[in-house]
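Line by line, the protein sequences are chains A and B.
In case it helps, our numbering puts the first sequence at residues 1 to 100.
In case it helps, our numbering puts the second sequence at residues 101 to 692.
These are computed hints drawn from the structure, not numbers from a lab.
Errors might be hidden in some of the hints.
[Unchecked claim] The list that follows gives simulated cross-link-like pairs (lysine to any residue, SDA-like), each with its CA atoms no further than 20 Å apart: (1) A:83 / B:645; (2) B:587 / A:87; (3) B:505 / A:64; (4) A:91 / B:505; (5) B:425 / B:347.
[Said to hold, decoys possible] Cβ-to-Cβ under 8 Å is the rule here; a few derived chain B residues that face chain A: (6) 483; (7) 506; (8) 560; (9) 563; (10) 564; (11) 567; (12) 570; (13) 579; (14) 620; (15) 622.
[What the hints assert, rightly or not] With beta-carbon atoms standing in for the labels, derived distance ranges: (16) B:134 / A:88: 47 to 57 Å; (17) B:167 / A:86: 16 to 26 Å; (18) A:86 / B:255: 19 to 29 Å; (19) A:35 / B:224: 27 to 37 Å; (20) B:537 / A:40: 17 to 27 Å; (21) A:90 / B:228: 50 to 60 Å; (22) B:609 / A:86: 50 to 60 Å; (23) A:50 / B:228: 50 to 60 Å; (24) A:39 / B:537: 27 to 37 Å.
Note that the Cβ used here is the ideal one computed from N, Cα and C, for glycine as well.
Each chain, letter by letter, is given below.
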Amino acid sequence: MSHDTEKQVGEAKLGALGSFLDRQLSPERIRIWRIVFFLVLLVIALLNLLITNHHPHFGWDKYPFFWVAFGLILGVVMIFLVKKIIQPLIKRPEDYYHDL
Amino acid sequence: MTSDFFHPSIAFILVAAILPFLPGNRRWKWLVIIPPLCAIYAAFSNSPGDYLTLSWLGQTLKLGHVDRLSLIFAQVFAIMSLAGILYSLHVDDKGQHMSALLYVAGGFGCVFAGDYLTLFVFWELMSIGSTFLVMLNRTRESVLASFRYFLYHTVGGLLLLGGLLLRYKATGTFDFGPIANAAAQNYDWLILAGFCVNAAVVPLHAWLPDAYPRGTVTGSVFMCAYTTKTAVYVLARGFQGWEILAIAGTIMAVYGVLYASMENNARRILSYHIVSQVGYMVAGIGVGTAMTVNGASAHAYAHILYKGLLFMGAGAVLYSAGTQKLDELGGLAARLPWVMVCYMVAALSISGVPIFNGFVSKTMTISGAFEAHQIFVGVGLELAAVGTFISVGIKLPYFAFWGGKPTDFKRELKPIPTNMYFGMGLLAILCIAQGLFPQILYHYLPFEEEAFAYQPWTAWNVLQACMLLGFSGLAFYLMRNVITPHKALNLDFDYFYRLIGKLLYWLISLPAAFIDNIWTNVWNTVGLRGLMGSAFSTVFFDRKVIDGVVDGSAYSVKGIGFLGSLLQNGKLQYYLGLMIILALGIFAFFWY
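Given these sequences and hints, build the entire structure.
Structural data, given as structure tokens:
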């Protein structure tokens, strides 16, 4: 109950764009956005069968889906490498240099 | 000296000089908008040539060397100065405005400098101005960071100074022009090192993520635009086609992205992305073909606009919510919707999404690198593009504005001044305009013919960008629980700078302590005894001589007083008798 009144007080202050954005946070809307996201990715990937690279610069980029794989695999590998391997090694407390 | 050249620095320095003498009723704020307008006028009206030559100490100083390369940088500097001033118009602290004006004046001075001496003077002016933009945040953290920043840039400036003096000794001229890689001398490398400090070339880069997140909200907006891009400009003027820069730039591009992926502090993420994005420009200059130098210049132009906007967006969140740490933010999209929109325009621009200006500048550099058969550079820059989209395009806005949390209605938000929105809006419009109509950017590139030979808006280029970025987005989605930022300090090369600083400190303090130790012993044995001896003799003198004199006179006064009291007993016969004795005495004295 208290949360609802708070929300109403807050909502009164939200502009048109703000309340639109607030509505997108409901579980159904999030689900819709997720489906839209996957559909867009599917369309992009399928378009690669129609539009191809006529000037490949190195071997692999002549194959379709090369840049799909490049973005996905290197993205996952990079996040894993940075957060799970590099950061644990170089992580220190925030005030490590005593200058905060 | 012709009349049709106007040096923008003059307006900036003039306003900065009179600002402290104006009354404090805020009307002076209209004045600070004038220099950027003059600069925009100058950038579009100045034509190539050499102007403002001064003879000084037997040297000819060229303050106004204008060509296509300097004009495009002057143009974007001018536009950015207007946006930055608009964004900071609510600030009442005159000191901050003065530092910003002097700093920008330094930037223009460097861009129009035709010789190394002029360049050095304005180079140092920038260093001083930007130091104050950090210091005037007035927290202990910022003041300490500003001292480190200043020390570091002083070292960089000294490298440049050493290089240009040795160069003068060898060649007899201060002229600032292209240097061939094959004929490079030691002094050229010194100059290059000085430039690389300001260009934040890894491993000389750590001053940037140290200082920029600690600047004032408005100060960092200025700093993110000028220091590194002035360095890019001087590298483009002097060091085109230096192979080492192509490699250094690629390393920068990837390195900055890796650190940005683990950071928690919003403006530090953006700072690491300056390192990364400047890497594209340095790599383009290093490859050194007309296309990649055009790409570097175009990217510098686009980068200043969207990076300024990114710092404005992150700064607005910091200003409003009071923190820039991602783990403390989230759920703000609905409460700061227009900040989010402006930020996203910049985030999509930096990521190179079609429609936005990063797309037309970044692809030019990458295509240029591939066409010059620099596969390592090209692939490295594509990899950096993946990381850029993941960390600045998605991670930062996701955790700042959403973070998987409901709209945060409890947080107290400071209202954002309208002028901040004006600054952000101006840059957002320009980012989109350049993306949609690349000609308005390409028209000003240094190699004009080559600029129009490149067409960014082809079906393949658009699809390639969409594939690369769309599926990096999917990578973020899959790894969103891994990439969640946490409070931590990530060690960087500044660990070694601090180590070097401590070593120098010891080198000076240890001999000083040693000498001090010896001096203490000498003092204990010789000095202290001498002092004790003189103390004893003083005491002796005091007791025997001074006390003797003082006590003696006291006793005689006491005796005289006693005699006087005996005589003055109030009996008339005694007085009469005494008078007769005295009178007889005086009579006897005169008679004989």
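Against the structure, the hints come out as follows:
| no. | hint | result |
| --- | --- | --- |
| 1 | A:83 / B:645 | violated, 85 Å |
| 2 | B:587 / A:87 | holds, 12 Å |
| 3 | B:505 / A:64 | violated, 38 Å |
| 4 | A:91 / B:505 | violated, 26 Å |
| 5 | B:425 / B:347 | violated, 33 Å |
| 6 | 483 | holds, 6 Å |
| 7 | 506 | holds, 6 Å |
| 8 | 560 | holds, 6 Å |
| 9 | 563 | holds, 5 Å |
| 10 | 564 | holds, 5 Å |
| 11 | 567 | holds, 4 Å |
| 12 | 570 | holds, 5 Å |
| 13 | 579 | holds, 4 Å |
| 14 | 620 | violated, 30 Å |
| 15 | 622 | violated, 36 Å |
| 16 | B:134 / A:88: 47 to 57 Å | holds, 52 Å |
| 17 | B:167 / A:86: 16 to 26 Å | violated, 43 Å |
| 18 | A:86 / B:255: 19 to 29 Å | holds, 28 Å |
| 19 | A:35 / B:224: 27 to 37 Å | violated, 57 Å |
| 20 | B:537 / A:40: 17 to 27 Å | holds, 25 Å |
| 21 | A:90 / B:228: 50 to 60 Å | violated, 32 Å |
| 22 | B:609 / A:86: 50 to 60 Å | violated, 35 Å |
| 23 | A:50 / B:228: 50 to 60 Å | holds, 57 Å |
| 24 | A:39 / B:537: 27 to 37 Å | holds, 30 Å |
Hint violations for this structure: numbers 1, 3, 4, 5, 14, 15, 17, 19, 21 and 22, all remaining hints satisfied.
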